[in-house]
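Kindly generate the complete structure, drawing on both the sequences and the hints.
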Amino acid sequence: MAGSVSADTSADTAASAGAAGAAAWRELRRVPLLAAVPDERLRTLWDVSVGRSAPAGAVLRRAGEPATHLLVLLRGSVAAGQDTGAGRMVRFGEWAGPCALDKTAVFDGSGHSATLTALSDCAVRFVPRAYVLALTDDVPQARRHVLRTLAAQVRAGRAEFTCRSTLSTEARLALWLLEAAGDGGRVPLPTHQALAERLGVTRVTVSRTLGRLRAQGLLSAGRREATLLAPELLALRARGERPAEPPPVL
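Using the UniProt record's numbering, you'd call the opening residue of the sequence shown number 1 and step up by one each time.
To be clear, the hints were calculated from the coordinates, so they are not data collected in a lab. C-beta: ideal position from N, C-alpha, C; glycine also. Treat the hints with caution; some may be incorrect.
Between beta-carbon pairs, the in silico distance windows are [unchecked claim]:
{"no.": "1", "residue 1": "R158", "residue 2": "Y131", "range": "54 to 64 angstroms"}
{"no.": "2", "residue 1": "E40", "residue 2": "P231", "range": "40 to 50 angstroms"}
{"no.": "3", "residue 1": "G64", "residue 2": "Q193", "range": "16 to 26 angstroms"}
{"no.": "4", "residue 1": "T162", "residue 2": "S120", "range": "25 to 35 angstroms"}
{"no.": "5", "residue 1": "A235", "residue 2": "A215", "range": "42 to 52 angstroms"}
{"no.": "6", "residue 1": "S220", "residue 2": "V48", "range": "26 to 36 angstroms"}
{"no.": "7", "residue 1": "R224", "residue 2": "P66", "range": "19 to 29 angstroms"}
{"no.": "8", "residue 1": "G182", "residue 2": "A156", "range": "16 to 26 angstroms"}
{"no.": "9", "residue 1": "A36", "residue 2": "Q193", "range": "34 to 44 angstroms"}
{"no.": "10", "residue 1": "G184", "residue 2": "G211", "range": "17 to 27 angstroms"}
{"no.": "11", "residue 1": "G222", "residue 2": "R155", "range": "28 to 38 angstroms"}
{"no.": "12", "residue 1": "A215", "residue 2": "G57", "range": "47 to 57 angstroms"}
{"no.": "13", "residue 1": "Y131", "residue 2": "A215", "range": "52 to 62 angstroms"}
{"no.": "14", "residue 1": "D47", "residue 2": "R224", "range": "14 to 24 angstroms"}
The following block contains the structure:
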């Protein structure tokens with residue numbers, strides 16, 4: 001099994017130290033966890049951390065590996081997931097930088113809670129765990145952010161569990177499409193396999209459900225993008241409802 005991206009490659013360390021310039025540490029200010037941290041502490045975090053570039057598809061960390069560093073995603077997007085006993089991958093979510101990844105693992109010391117995989121080319125800083133723990137001890141704003149984030153994760157986890165336990169695949173897919181829709185109802189589509197991992201179903205099930213929604217005129221879909229044609233009807237599907245049938249003509 002291929003290892004995950006290392007935090008101590010000297011070539012990458014030298015590149016990250018020299019390329020960004022003296023004010024590179026200010027990039028950390030854009031990370032919500034670190035937004036309220038004093039400048040001096042931010043500079044320290046930058047100096048003790050290691051910068052890495054990771055191409056799309058690279059595994060940054062595997063579930064269960066020791067969480068010796070906090071992964072700070074400056075640019076790019078990352079998916080978190082875990083293999084099941086049946087050999088399927090369940091995807092917990094996707095995050096775009098700037099953000100801090102898998103904070104829970106850093107704080108509880110029990111190893112990474114998910115496998116973190118780059119969805120696009122990423123720029124990551126690896127901050128030693130000891131400095132992160134000291135930060136939450138010393139900076140109340142950072143501590144409050146962590147507590148809010150962990151509370152939000154608990155709520156999101158319960159909502160996700162309820163969704164997967166009670167909603168049909170069609171309802172889950174409709175909900176995902178509505179949440180992912182941008183201007184004009186356009187939705188960038190991942191691969192059917194990636195979407196299946198996100199919804200907790202098989203690739204074939206995703207393909208069939210997308211095809212059914214397309215045939216019913218709720219969306220148009222190409223290989224990389226879908227357009228919502230009837231979002232109000234899709235919202236009914238997301239709630240497990242269908243529009244009432246018209247009364248028969250007598």
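These are the hints, each one checked on the structure:
1. R158 <-> Y131: 54 to 64 angstroms: violated (32 angstroms)
2. E40 <-> P231: 40 to 50 angstroms: Check passed, 48 angstroms falls within 40 to 50 angstroms.
3. G64 <-> Q193: 16 to 26 angstroms: holds (23 angstroms)
4. T162 <-> S120: 25 to 35 angstroms: holds (30 angstroms)
5. A235 <-> A215: 42 to 52 angstroms: violated (19 angstroms)
6. S220 <-> V48: 26 to 36 angstroms: For V48 against S220, whose Cβ atoms are near 50 angstroms apart, the range 26 to 36 angstroms is violated.
7. R224 <-> P66: 19 to 29 angstroms: violated (37 angstroms)
8. G182 <-> A156: 16 to 26 angstroms: Check passed, 21 angstroms falls within 16 to 26 angstroms.
9. A36 <-> Q193: 34 to 44 angstroms: With Cβ atoms ~39 angstroms apart, the hint holds.
10. G184 <-> G211: 17 to 27 angstroms: Since the Cβ atoms of G184 and G211 sit about 22 angstroms apart, the hinted range of 17 to 27 angstroms holds.
11. G222 <-> R155: 28 to 38 angstroms: holds (34 angstroms)
12. A215 <-> G57: 47 to 57 angstroms: violated (33 angstroms)
13. Y131 <-> A215: 52 to 62 angstroms: Holds - the Cβ-Cβ distance for Y131 and A215, about 54 angstroms, lies within 52 to 62 angstroms.
14. D47 <-> R224: 14 to 24 angstroms: Between D47 and R224, where Cβ atoms are some 41 angstroms apart, the hint is violated.
Violated hints, listed in ascending order, are 1, 5, 6, 7, 12, 14; each of the other numbered hints is respected by the structure.
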